[in-house]
Each structure stands twice: as structure tokens, then as C-alpha cells.
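Use the sequences and the hints to build the structure in full.
Spelled out, the chains give:
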Amino acid sequence: MNIHSPDEPHLGEDHILQAVIDDSDLSTLQQQHLAECSRCQSHRERLENELTHLGQLAERYAPGPLRRINVADDKARSPLSIRRFAVSAAAVAAVIIVVWATFLVRSQQQGGIGNLAQDMVEAERLMTEVNVLVENALPQVYLDIVGETNLNTDEDFIDFLIPTYEGVPRISALAKKGSILC
Amino acid sequence: MTDLVIQARDGNRPAFEQLIECYQGDIYRLIYYRIRTRMDAEDLTQDVFVRAFRSIARIREPLKFRSWLFRIAVNRVNDYLRKKRVRSIFKSSDEGADVQPVATDFQDPPEALEQVLKEDFWRLVERISKKLSKMEREVFMLRFLDNLNINEIAQILKKSESTVKTHLYRALAKFKKERGLRQFLQEDLT
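Chains A and B are the protein sequences, given in the same order.
All residue numbers for the first sequence refer to this note's numbering, where the first residue is 4 and numbers rise by one.
All residue numbers for the second sequence refer to this note's numbering, where the first residue is 1348 and numbers rise by one.
No wet-lab data here; the hints were simulated from the structure.
The model shown is predicted, which means the values in this text are computed figures rather than measured ones.
Worth double-checking, as some hints may not be accurate.
Far from chain A, some chain B residues (derived; all Cβ distances over 12 Å) [claimed, not checked]:
{"id": "1", "residue": "Q1354"}
{"id": "2", "residue": "D1357"}
{"id": "3", "residue": "Y1380"}
{"id": "4", "residue": "A1388"}
{"id": "5", "residue": "R1407"}
{"id": "6", "residue": "K1411"}
{"id": "7", "residue": "D1426"}
{"id": "8", "residue": "R1429"}
{"id": "9", "residue": "N1494"}
{"id": "10", "residue": "Q1502"}
One-sided and incomplete, this derived list gives chain A residues near chain B with beta-carbon spacing under 7 Å [what the hints assert, rightly or not]:
{"id": "11", "residue": "L20"}
{"id": "12", "residue": "H56"}
{"id": "13", "residue": "G58"}
{"id": "14", "residue": "P68"}
{"id": "15", "residue": "A120"}
{"id": "16", "residue": "V124"}
Each residue gets a CB set at the ideal place from its N, CA and C atoms; glycine is no exception.
Here's what the structure looks like:
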């Protein structure tokens, strides 16, 4: 039934789309034209049928659900159990952190004492070397050259070389009188 | 239906179970259309109803229960797809593992034909989906696959009706140019 005047232009593609979405968005004239023009109506219906069939096919080609929905069985996912799990996880994490921190601190302390002992040993060795140098600053080679290698000779040997005066050992006499006797 | 929602809101579990009966199919299909995996669609449907059950006490307008439930489903699907995208960055080898194979060899001819048509249909839907923007795709699917009206879509997506119409208009303009899908639909209609 086309009571529409042949001279009047038909609705364009964009107006047909608008009509499919919501025909109240068309102007009054366009709505009137659509109501009267069979060509525009069929254009619109063809598109609407395709879209309706799209929905029907989607429903037909979607497999049906096999499982029944049961909200009662979802206790495992309840907020309470999630909260409990979070608290437990936090407690375990805290214990791990405490144990690890204790171990770390202890190992650092042990490392500090070890280093201190090593420093003391090295200092001791250095002091010994310094003391040796104070006693005999020259190396052994030079001591041999100057003939002072036997500086540790005992007092008997000195008495043999320099007899004592009136039974007083010479060295002792030197110490007592404070003057050179030879 | 509003009475059922009010009863469920007041803690009546059988009333909520009746609501599940009413909407399970719609929600499952909404999810399946978007993720195309039956097992995951079932899991997500279960999850949607569990979430709805937990928060139904807070629903203010029982009349809007349907759009409220669909919004939960749409958001849940978006979360799922987002996580899937992130996972696909790290793991690309199992891509397509979810796709159910077309087992035509051992099927009777009518079933095999149906299976081929089904595969073709979803391939064509996938093709047009890729040509639409995210919002265009969402409004197009909600309108023509999930059969919701403009007002419900606006509520689900929290957009104005004019915004929904604009996206729908653009989506339809692209659909009109999609000859493969339109030809498939026309042939199936005749």
C-alpha cells in the first residue's frame, strides 16, 4: 500500500538506520513518509528482519549450559573464607620475615666478631714486627757486616774480654761509676 | 518478578533461586556470545549469580534488577577478557586451544551441515565484531544478540540513551556494509 507521492524523495540509508534504532528520532515528516511509503517500509523491515534473525541464530548456535547454578555451594569463595585465607597468609609471611631477619642479624653479628678478631691478630703481628725493628733496625745482612750479630753474648764472655776490676765485673763497674775506665 | 526481587533482597533464598531460573539462560548466552567457550561461560555465569546474591541486599530499585544483573555480567566478561589479553602477552602458544573443533567426519550429514553453518556464523560474527569499536560492539550485541532495549542498554553501560543510539547507528552502518554476514542471514531466512 503505497499512498506516498512518487515525486517525494524516499528516506535515505541514514534515516532507515535511525528508524531501525528508534523511529521517534525521525522528524514528523519522515515518520509520516515511512508510515505511507511501502518501499521505505520494506527497506526498513528487511534490515530489521536480518537483525532479528542474527539474534535468533546466535541463540540457536550457542551451546546450552550443562551446569546448574548453585549459589549455596560457593562457600569456598565466600568473603569470610577469603578473609581467613588472607589473615593466614599474612601470619605465615610475618613468621617467615621474623625468622629471616633474625638469621640475617645473627649472621651479621658473627661476621663482625670474626672481623674484629682478625684485625687484632694482624695488629699483634704488626706490633711484633715493630718491636723487632726497634731491637735491631738493620737487616741481618748489615748486622753481619758490622759484626754485631753476637750482641747477645753473655756477661761471662764480656768478663773474658775485659777482666773485672777488683772482682767487680767491668760492666757493673761502668754502671756504678758512670765514667769510662779504659 | 519485582516481588521475587524484593523477597530475594530480604534474604529469601528460594526467591533468588527462582530469579536464577528466569535469567540463567540470558546471562549464560550473553557471556557465551562474547567469550565463545562453554566451560568458561558456565563458570562466569555461576560467578555472576554468586556476586548478585552477595549484593542483592543493596539493590535500591527492584524494577531495574534485570539491567543490574546484566551489568554485573558485562563487567565480569570485560574483566575476563582483560585478564585473557594480559595472559596472552606471556603465553601465545595455547591460543585457540579453547576453540571447539569441527568434528564433521563422524557425524551424520544434517548434523555436520549444522556444525559447519554454526562455525561459519560465529566466524562472520567475529569478523564484524573486529570492525566495531568496543562501545559499538557492546551496544550492537546488547541490542541485537541479547535483545535489550535502548533504555536497558543505557542503564547497563551507564550512558545516556542518545550516546547509546549514536554508537548503535555507527555499528549498524558498519553492519550494512558487512556483506558476508548479511548474505548468510538472508540465505538462512529464505
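Now the hints, each set against the structure:
1. Every C-beta of chain A lies more than 12 Å from that of Q1354/B, the closest at about 15 Å, which supports listing it as non-interface.
2. The beta carbon of D1357/B sits about 16 Å from the closest Cβ of chain A, which is more than 12 Å, so the claim that it is off the interface holds.
3. A beta-carbon of chain A is positioned within 12 Å of the beta-carbon of Y1380/B; the least distance is around 6 Å.
4. Some Cβ of chain A comes within 12 Å of the Cβ of A1388/B; the nearest lies about 7 Å off, and the non-interface call is violated.
5. Non-interface call for R1407/B relative to chain A: holds, since the shortest CB-CB distance, roughly 21 Å, exceeds 12 Å.
6. Every CB of chain A is more than 12 Å from the CB of K1411/B (nearest about 20 Å), matching its label as outside the interface.
7. Under the 12 Å C-beta cut-off, the non-interface status given to D1426/B relative to chain A holds; the minimum distance is some 15 Å.
8. Every CB of chain A lies more than 12 Å from the CB of R1429/B, the least distance being 20 Å, so the non-interface label holds.
9. The Cβ of N1494/B does not lie farther than 12 Å from every Cβ of chain A; its closest approach is about 6 Å, which violates its non-interface assignment.
10. Separation of Q1502/B from chain A is adequate, the least Cβ-Cβ distance of about 16 Å exceeding the 12 Å criterion.
11. Satisfaction of the interface hint for L20/A is found here, the shortest Cβ-Cβ separation to chain B being roughly 5 Å, below the 7 Å cut-off.
12. Contact between H56/A and chain B, as hinted, is supported at the beta carbon level, the nearest pair being about 5 Å apart and thus within 7 Å.
13. Interface restraint check for G58/A: the shortest CB-CB distance to chain B comes to about 5 Å, inside 7 Å, so the restraint holds.
14. Contact between P68/A and chain B, as hinted, is supported at the beta carbon level, the nearest pair being about 5 Å apart and thus within 7 Å.
15. For A120/A, the suggested interface contact is broken, since its CB lies about 51 Å from the closest CB of chain B, more than 7 Å.
16. For V124/A, the shortest C-beta to C-beta distance to chain B is roughly 55 Å, which exceeds 7 Å, and the interface hint is violated.
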